[in-house]
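Participant: With chain A held as given, fit chain B onto it using these hints.
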Amino acid sequence: QKEVEQNSGPLSVPEGAIASLNCTYSDRGSQSFFWYRQYSGKSPELIMSIYSNGDKEDGRFTAQLNKASQYVSLLIRDSQPSDSATYLCAVISRDSSYKLIFGSGTRLLVRP
Amino acid sequence: DTAVSQTPKYLVTQMGNDKSIKCEQNLGHDTMYWYKQDSKKFLKIMFSYNNKELIINETVPNRFSPKSPDKAHLNLHINSLELGDSAVYFCASSQERLAYEQYFGPGTRLTVT
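If you read the sequences in order, they're chains A and B. Following the numbering used here, the numbering of the first sequence begins with 2 at its first residue and continues without gaps. Following the numbering used here, the numbering of the second sequence begins with 4 at its first residue and continues without gaps.
Covered stretches of chain B, as calculated for chain A (at least 3 residues, CB under 8 Å):
#1 43 to 56
#2 104 to 110
Restricting the straight-line Cα-Cα distance to at most 30 Å, the calculated cross-link-like pairs of lysine-lysine (DSS-like) are:
#3 B:22 with B:44
#4 B:12 with A:100
#5 A:43 with B:74
#6 B:25 with A:100
#7 B:39 with A:68
Not the full set, but computed from the structure, chain A residues with beta-carbon under 7 Å of chain B:
#8 100
#9 103
#10 105
Hints in this document: simulated from the structure, not taken from any laboratory. Ideal placement from N, C-alpha and C gives every residue a C-beta, glycine not left out.
Pulled out of the complex, with its shape left as it was, chain A reads as follows (with noise of 0.2 Å):
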């Protein structure tokens, strides 16, 4: 079982409308939560963290995590064609001796 798993995509979503990425975790000791954009042919751009159980906003992103279901997603709203990226999930573990494991990453396109 990989450490960090998303769906590879790609997501497509209409301009505006609310974009769901998903990704799940395997160890239980997991502390820390990152969503990390990348541009095709650019480096990842770090977008959120999030630490505890519950939603964090910041603008138009909203991070979600459920510890007990070892469960972390991120919603875009009002989503734009600018949006349309790479979203790569990270995760810092005991297990991992605190590296930051990345997920293979999500392709999102948002049709004009």
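Facilitator: The following block gives chain B in isolation, referenced to the frame of chain A:
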């Protein structure tokens, strides 16, 4: 001002050659990292230095050797390059040792022919 910079951006070389990639950060961070992103876009940590001390050394061929002359610089030297080394190599930094938020450089696309 670029926070984390890498040189070169592109590197095309032949099998068997030795090459280096350089990284510099001006964020005042204590910890720096090297990651490899393969053709399937999977991003995996290779090394990490904290204040010039090696703290993460993943299972990578010993042809890869990191060096940190000071906490603002982290270089990656690769000996005897192989086709499978072709990938994008990213440098990253974080404020503290194993701190949570890491910031990435622009990447170096290495192509071995």
